[in-house]
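Novice: For reference, the chains in residue letters:
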Amino acid sequence: MQAVFFWLFSALAVGCALGVVFKKNPVVSAVFLMGSMLALACLFLLLDAHFIAVIQVLVYAGAVMVLFSFIIMILNLPQEELPPLALGGTRAWGVAFGAVALLFLAGKFFPTKEGFMPTSRGFGDVRSIAVPLFREYALAFELTSLVLLVGIVGAVLLAKRKV
Amino acid sequence: MWIDLLIVTCKVLFMFLFVLGIAGILTWVERKQSAVLQDRIGANRASIFGVRMIGLFHPIADALKLFTKEDFVPLHGHRVLFVLSPALAIVPALMTFAVIPFGDNVHVLGREVSLRVSDINAGVVLVFAIASLSVYGITLAGWASDNRYSLLGALRGAAQMFSYEVVLGLSVIGILLVYGTLDLNEIVRAQGGYWLGFIPRWGVFVQPVGFLLYFTAAFAETKRMPFDLPEGESEIVAGYFTEYSGMKYAAFLFSEFCEMVLVAGLSATLFFGGWQLPVDVARGLALPLVGVVHISGLWVPLLQLLTFCLKVVIFLWLLMQIRWTLPRFRYDQVMSLCWKVLLPLVLLNIAVTAVAVLAVKG
Amino acid sequence: MDFRVGLVAVEVALSLLALLFILLGAWQRPNTSPTGAWAVAVLALIALGGFSLSSSGIDGVARSFYGLVVSDRLGAFLGLFSLISGLLVLFMSPAYLSREGIHKAEYYGLVFLSLVGGFFMFKAASLLTLFLGLEVLSMPLYVLCGLKRNFGKSPEAGLKYFYLGAFFSAVMLYGISFLYGALGTVNLEGLAALAISSNRHGLMCAFGLALLLCGLAFKAGLAPFHAWVPDVYEGAPTTITAFMATFVKVAAFGALIRILFSLPPDILPVLKPFGWLVAVLTMFAGNLGALYQTNIKRLLAFSSIAHAGYLLVGLLSFNALGQQGVLYYLLAYTFMNVGAFAVVIAFGQRGEENVTLDDLRGMGLRHPFLGVAMALFILSMIGIPPTAGFVGKYYLFAAALSAGMPVLAVIGVLNSVISLGYYLRVLVALFMMPEARAVIIPPKGFGAKVAVAACAVLVLWFGCFVSSPIAAFQGAFSQSMLQPGTIARLP
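Residue numbers (our numbering), protein chains in the order written: chain A, 1 to 163; chain B, 1001 to 1362; chain C, 2001 to 2491.
By construction, these hints were calculated from the structure, which means they are not laboratory data. Wrong hints could be hidden among the right ones.
A few chain A residues that don't get close to chain B, going by computed Cβ distances all over 10 angstroms [unchecked claim]:
1) A17
2) C42
3) L46
4) H50
5) F70
6) G89
7) A92
8) G98
9) L102
10) F141
11) G151
12) L158
Cβ-Cβ distance ranges computed for the label pairs, FRET-style [to be verified]:
13) C/A2026 x B/A1061: 52 to 58 angstroms
14) C/P2224 x A/A106: 30 to 36 angstroms
15) A/T144 x C/G2006: 18 to 24 angstroms
16) A/G19 x B/L1020: 29 to 35 angstroms
17) C/S2177 x B/I1025: 50 to 56 angstroms
18) A/F22 x B/I1003: 43 to 49 angstroms
19) A/T144 x C/T2294: 40 to 46 angstroms
20) B/E1070 x C/P2030: 54 to 60 angstroms
Calculated lysine-lysine pairs in the DSS-like style (CA-CA distance at most 30 angstroms, straight line) [stated by the list, open to error]:
21) A/K24 x C/K2153
22) B/K1032 x B/K1069
23) B/K1065 x B/K1032
24) B/K1069 x A/K160
25) A/K160 x C/K2272
26) C/K2160 x A/K23
27) A/K160 x C/K2153
Where a beta carbon is used, it is the ideal one built from N, C-alpha and C, also for glycine.
Only chain A is shown next, with the shape it has when bound in the complex:
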């Protein structure tokens, strides 16, 4: 049962990711990216990592991608005139590098004789994320907040007509 769902959502995630790359319309690409995010969230759910799954939906599908599509619509981007898919130059390099990286990762992470490592108890629930986040990594959390603050202030400072 779990395995069926795993393969289903994995296929969905990968398929949507391919759609992001191969679709020429930016809005459609954005929708595919959202689909990929949702499929990933479902994979997290299969790991019993409820909180991570929900945050994945909330942050990526619900916030980041909405902003993406919003910006795409405001700019009213035209359908991009991509050259026909041909292997050559940089694209060949990209494909080669991607293939090598894929093989490398596949070698590292595919189930071996020992199988997958089981997730620890309480993996991905609220407490197991919150406690390290606000204790061991409190500094990292605060620094990230500073980065975001600068992003907001900077955007206003640079984009507002009359500061």
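Could you slot chains B and C onto chain A? The hints should help.
Specialist: Frame of chain A; chains B and C shown alone:
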């Protein structure tokens, strides 16, 4: 295994019927209540063999009409997304009910069954996560329609919804701080009992500001009257669903009503004790003349369900009342209300609550 | 293990002040100058600098925030350098910013936040802190670079820096993820377990380390990742150019020191040839590029690339002389570079006028104070005694010699000779050419002159009185986490 599956199916079915049923009735309530407010009679013409039932057949007539209308798809729009977006609008609105509890856990067929579809331990966040997806329905509908008014409506809707989502999410942080859990059933359980013997331990009494902010933001999320800028029929025809007709149009309409039910349900759950009965089940209800009435067995979850539904209905009434009372805001007013008034208030609410919780719990 | 916030008091104070300035900016009326914010910023930096100086004598190593941050003498010294750089920049800021019409309280907030990021970079005990510090350092700089929105090159500089910076942050993060995958930790102590040849994760380690160092090399402006430097330095507001040229170098080299000295000794022979190549490339790229520049900001940008190359020479020698030399040169470099940019600001006019070599013709004789000071800074950059630059370069090249890298030392000296080619052009323009302009606009900006005077005095001071700072810098390394064996003794 089969019994589990059966139970889950029952819960899902009940939830669907509950939400869609109420949403269906709301189409009638909307007309009737507005009529009462405006001193008219309202819809009362639909009749079956002369029986009018104060216009209760109108939803059926509407459905028949919508089913038989031409299903129009704009020529230059994006066909797939145009068809997909009504579904994207209504699915999140229905999905969020998965974590809202209708009653306490019950023992059925030798197992403990929780009266909600899914026992996800991050329930509150899930609600907001799924609800945040509903904005796609609007934006994609507006974009795929290939219509300036639709696109304007979509942009308005997207901007308004993700602005108010911020306030919406932050407004319940206070409740989460007070009860220390993300599980909606736990939150409801913590709201049982009384202060001083007569004030129910509802969240609204510990988080009054939080509730007002939540209610305002949630109202804006439903895109109904003072906040119906994405639709704005006096300015941009019908906004994001200008090009929609037939059942696709109905899907948008229904998603709006479903969201109303959701807002009402969440208000009841988070701030008004959810399914908590107004009596102590263990001690029973002391009625004058009759004596002590003990509630037991299946009566408990049934009464809890009834209590919850009653609270939902009361909130729906309130939502309707507000919708037919206030005129539409200007767009800049909507935005400055969110970012300049509600957001500072909600942050202040969190800070004050956090300090208070720290002081009380130590 | 605990938070121990007291150990990062300076960073906390800087962050809170930054928030205050940003809030002040929200209520600032148009066309007014936030003089109050400026005064608070200057006083705060002086106070924090004093505090850092007094705490730079600490012995041993203390850690805070559950081991994410380390407080030792090296961190204290680099922090002091950063604060000095920030303070000098603040002195020349108000006049310049008012002239360009961008005097906003947020400017000070962003400068302070950038400082905070730098502090966490060279006080990092974990790659996590290092990376986040880098981001906190960079983000305000992206904004500050593009602050002069009406001057075409400024938004270009901001955008260029942002895109490339974001790209290299991603590269660095990718590298860190590889290291984490191979080592199972992001703590710097964990890097000691890193082994490229014997470990079965050797490839991942090598890949991760290479990407991590690439990211830092970008920030430090080392070749072949230096191409952004001239464009960004030219387009950015000159005060920010001075800030980037000095403080960001301090932070990036601080982080490089932290990483390089955490590596196990058997990796260094593998790493050194690459470092050697990068140092040589950087020196040549900077000095040869500068030969063709007519804009003085671009010229100084190329010269700063060359200086990064000299610093790398000292770093690569991995001995006490090199360590002292790097710190000494960073300090000397701060003074001479901020001073030179302050002179550029004093001569400059609204809208980045008056910054080419032609504009400077004869100005040295008309404004002898600024002219002489500029000459002093230039001499220090060349490395002529009795200036701080000479002492620094002497230590760097001596370190290379004693570490058995005579070729590198010779290339370094050769590059110093090449650099004469453009440094002397500045001096010739200042003193030996007739004035080009009919209308001479008198240089404005009292603050810039204060900064120039302070830098000039300090360049001379550190050129003459060498022994006590050298002794202090020696202690900086011996009393820090970097010393072999210290890691094992940590609580």
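Novice: Measuring Cβ to Cβ, find out whether A/G89 lies farther than 10 angstroms from everything in chain B.
Specialist: holds (32 angstroms)
Novice: Verify that the Cβ of A/F141 lies farther than 10 angstroms from every Cβ atom of chain B, and report whether the claim holds or is violated.
Specialist: Correct as stated: the minimum Cβ-Cβ distance to chain B is 15 angstroms, above 10 angstroms.
Novice: Taking the minimum C-beta separation from A/G98 to chain B, is that value above 10 angstroms?
Specialist: Correct as stated: the minimum Cβ-Cβ distance to chain B is 28 angstroms, above 10 angstroms.
Novice: Does the Cβ pair C/P2224, A/A106 satisfy 30 to 36 angstroms?
Specialist: Given about 32 angstroms between the Cβ atoms, the range holds.
Novice: Return holds or violated for the Cβ distance of B/E1070 and C/P2030 against the range 54 to 60 angstroms.
Specialist: holds (56 angstroms)
Novice: Would you say the C-beta atoms of A/F22 and B/I1003 sit inside 43 to 49 angstroms of each other?
Specialist: holds (45 angstroms)
Novice: Does B/K1032 pair with B/K1069 here, judged by a C-alpha cut-off of 30 angstroms?
Specialist: Answer holds: B/K1032 to B/K1069 is near 24 angstroms, not above 30 angstroms.
Novice: Does A/K160 pair with C/K2272 here, judged by a C-alpha cut-off of 30 angstroms?
Specialist: violated (48 angstroms)
Novice: Given a hint of 29 to 35 angstroms, does the C-beta separation of A/G19 and B/L1020 actually sit inside it?
Specialist: Between A/G19 and B/L1020, where Cβ atoms are some 32 angstroms apart, the hint holds.
Novice: For A/L46, is the shortest beta carbon distance to chain B beyond 10 angstroms?
Specialist: The claim stands: A/L46 keeps its Cβ more than 10 angstroms from every Cβ of chain B (closest is about 13 angstroms).
Novice: Would you mind confirming whether the straight-line C-alpha gap from B/K1065 to B/K1032 stays at or under 30 angstroms?
Specialist: holds (19 angstroms)
Novice: Given the hint of 18 to 24 angstroms, is the C-beta distance from A/T144 to C/G2006 inside that range or not?
Specialist: 22 angstroms Cβ-Cβ, so the 18 to 24 angstroms window holds.
The structure is inconsistent with the numbered hints 4, 5, 21, 24 and 25, although it conforms to all the rest.
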